[in-house]
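Place chain B on chain A using the hints.
2 protein chains.
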Amino acid sequence: MNKIKQVRFSTMGNRAEDSTIVSMMSEALTKPDLLSLAAGFTDNEILPKEKITSIVDKLFLESTSSEYLQYGINQGRSKFRKLIADFFSNYPNESADYWSAENIIVTNGSQQALYLAAQILCDPGDIILVQQPSYFVMLEALKGLGVQAVSIPTFENGNINFDEFSKLITGYQLVNKIGRIKALYMVTYYANPTSQCLSLDEKKKLGNFINSLNFSLPVIEDAAYREFYFSEPYSAPSTLSLAEFKDLPVLYTGTFTKPFATGLKVGFACVTDNEWRNNILRVKAHHDFGTANFNQAIIEQLLLENTYSDHLHSIQIHYFKKMRLLDETLRSEGLNEINWNWEIPTGGLLIWLKGPDALDTSIGSEFYKSCIENNVIYVPGNLCFAHGTPLNYVRLSYGAPNNDNLVEAAKRFVSVAKTFS
Amino acid sequence: MNKIKQVRFSTMGNRAEDSTIVSMMSEALTKPDLLSLAAGFTDNEILPKEKITSIVDKLFLESTSSEYLQYGINQGRSKFRKLIADFFSNYPNESADYWSAENIIVTNGSQQALYLAAQILCDPGDIILVQQPSYFVMLEALKGLGVQAVSIPTFENGNINFDEFSKLITGYQLVNKIGRIKALYMVTYYANPTSQCLSLDEKKKLGNFINSLNFSLPVIEDAAYREFYFSEPYSAPSTLSLAEFKDLPVLYTGTFTKPFATGLKVGFACVTDNEWRNNILRVKAHHDFGTANFNQAIIEQLLLENTYSDHLHSIQIHYFKKMRLLDETLRSEGLNEINWNWEIPTGGLLIWLKGPDALDTSIGSEFYKSCIENNVIYVPGNLCFAHGTPLNYVRLSYGAPNNDNLVEAAKRFVSVAKTFS
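Heads up: the protein sequence lines correspond to chains A and B, in order.
Numbering of the first sequence is given in this note's numbering, commencing with residue 198 and proceeding in unit increments.
Numbering of the second sequence is given in this note's numbering, commencing with residue 198 and proceeding in unit increments.
Here chain A stands alone, though its shape is the one from the complex (with noise of 0.2 angstroms):
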């Protein structure tokens, strides 16, 4: 519309920026040839058709009452948060202590658990400690909020450098800004963007380095790729179960709809502390005052049956031979030949390259446009770090596209890798 006067906005309002991901999605829109390993879509030949619709008619049919099409409470169903707590203290060293329904919230996807709980600690100008590299949406939504991502100082393998990390928390002591320092969020499973997991040895390096500090660091540990492993669940348990974090604040989010039908978005938290849990509550309230209740109802129904984790296996399966094709596609071409380097994950839905150092595969870089130009597009690895930004990273995502596509565009990225080495 032709405005007469301009709205005003809130700080946020104004601080809110053109989302890198959004413009890449418009661009990639435009070009109808244009193949994608950016995306970090699930394989649409996979989703529960048949099973979701089998669980619609069987809610409809068994039911007594329509309640799961009615509002539901705010923190959500209760039989369903007593199922999620179920779900995961059967994970391998995993304790019942704080897995309660009590302690669970039901969110929109575990994205919203995360916006929550920064939402709910921290003030513009605050800060949040991240791993490097880490997920750049939470990156993104910690921008919207005005809070400062400032990551974790580590070693070259992706372990953490206590020693730096100790003088990095002397540093703000020093001029009096500890008091900024909210909270520490880590992705623990097969991490976006790295594929890697924390181990437990650095688990509980890390919980006795946050116990020995003299403020209190809430721990955020983001899991929503912890059901992806390909032959078996990655053995260190979360932060919820382990001694070393049991007087810390700590909120575990995860998802059942990322691996099961993305388009449900449900996820959860369980937060250990209670005025923290009440907080995003309140909170929650105010957003859409709880997620959607049959949505709810049908991965209630769905862990009643107990055949989710016949679909988790018949997931991992399939991501496990993406994976592996994409892996080899990018070797069989001659990738790892020309200094470029990667592991191969043992989980997730994502490949993380190491491009030559002098490479710069920034969203604008001469080696994006080439990309674009060729039909293949990623994620530059730049947008998943805070700062001290490494230019020569990839995101290749193997989830969406068909086993032709992903060899097709693993074809055209090493390609275009080939004319820049």
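Just so you know, the hints here were simulated from the structure itself, not pulled from any lab data.
Heads up, some of the hints might be wrong.
Remember, identical chains collapse to one label, so a pair may be satisfied in a single copy or spanning two.
Calculated cross-link-like contacts (lysine-lysine; reagent style BS3-like; alpha-carbon spacing at most 27 angstroms) [to be verified]:
| id | residue 1 | residue 2 |
| --- | --- | --- |
| 1 | 551 | 519 |
| 2 | 443 | 202 |
| 3 | 401 | 364 |
| 4 | 615 | 518 |
| 5 | 279 | 246 |
| 6 | 279 | 248 |
| 7 | 519 | 228 |
| 8 | 402 | 202 |
| 9 | 519 | 248 |
| 10 | 364 | 202 |
| 11 | 202 | 401 |
| 12 | 276 | 228 |
| 13 | 402 | 443 |
| 14 | 443 | 401 |
| 15 | 374 | 202 |
| 16 | 608 | 519 |
Chain B in isolation, oriented as in the chain A frame:
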């Protein structure tokens, strides 16, 4: 958990208070015989179990892909947005100019649209002008954001007192605080809590008034109850279609699931100002990256089938009968003879009662406690006022209870009222 160190919350986290609604609900849950005229739930009896099951079956059988179970786009399904625009531009006197897919954002119920609208406009300390009385969940959400709700001056009959409104604005101008006023929020059809509609004449006057101001005053029009008319749609079009509002930034919000199946939680905002809409979209992506695609696909299918109007017709008759039953029971029990007054609604789910001037119906009052003791609960009217709060109003909802419970609850309410007369 036993906290060693205290979590430090954001200003918002610290601002969060126990929700009045939540505490009311928990109170209700502890009393098995309590009948509720408080909850804004709809009637389980007429939830479209069969229709939704058949739509899901149809999506399964007829869709060539599983895309309806995949992530959607942040703004919402484009076909669905087009259908929303078509549906609403067909209302009497409504113009199609601003009803476009491009202007529409699909949200998690209309609640999320309201939250985002306010979040994008207001910093703590800012002001949103509201009707008196107004929707109390919105008042709570504004409080959570640190936003001050200031009542628009009205006459006893509910019409806006524009002379006083002018003085209010001048007052803010004199103290240099006009920049704090960020929007005007109003519920325009069968409003919660009064069940009144804003007349065409009032809307036009309001538009002219806002145009005469020397600052931008965006309008948030909440039409969540618009489809709950008893005989025919209310004649006044939305602000989107009025010449008086054509140069003003307008956000219209509505819902498909309150009249259909609240458990699906699909609402929308239609926003005329590009910048306002884009900023909302950016923050929506941080909240949840788009409303559940599956739920949108169900409502899309409903609109495609052209059966939504039939459904609306059946619920309109249903709620009309329930409204009559509640109204007649209150009368036959003699409430109108002991200084209580109310208008018979022409739509909506609520009856708004004015009690004797001296009566206090607020939470914790003798009247409130006596109602709880007699196993009936209502929404105290004072919760619906931003300030200058009268204590003698009551909101009764006839949405959820079955006929027997509705009559019994009304009898209990009147019997308590008699002991206070």
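Status of the hints after comparison with the structure:
no. : hint       : in the structure
1   : 551 to 519 : within (20 angstroms within a copy, 66 angstroms between copies)
2   : 443 to 202 : between (54 angstroms within a copy, 12 angstroms between copies)
3   : 401 to 364 : within (20 angstroms within a copy, 64 angstroms between copies)
4   : 615 to 518 : within (26 angstroms within a copy, 74 angstroms between copies)
5   : 279 to 246 : both (26 angstroms within a copy, 25 angstroms between copies)
6   : 279 to 248 : within (22 angstroms within a copy, 30 angstroms between copies)
7   : 519 to 228 : within (24 angstroms within a copy, 55 angstroms between copies)
8   : 402 to 202 : between (56 angstroms within a copy, 19 angstroms between copies)
9   : 519 to 248 : within (23 angstroms within a copy, 38 angstroms between copies)
10  : 364 to 202 : between (50 angstroms within a copy, 22 angstroms between copies)
11  : 202 to 401 : between (56 angstroms within a copy, 19 angstroms between copies)
12  : 276 to 228 : between (46 angstroms within a copy, 20 angstroms between copies)
13  : 402 to 443 : within (14 angstroms within a copy, 61 angstroms between copies)
14  : 443 to 401 : within (11 angstroms within a copy, 61 angstroms between copies)
15  : 374 to 202 : between (40 angstroms within a copy, 18 angstroms between copies)
16  : 608 to 519 : within (15 angstroms within a copy, 66 angstroms between copies)
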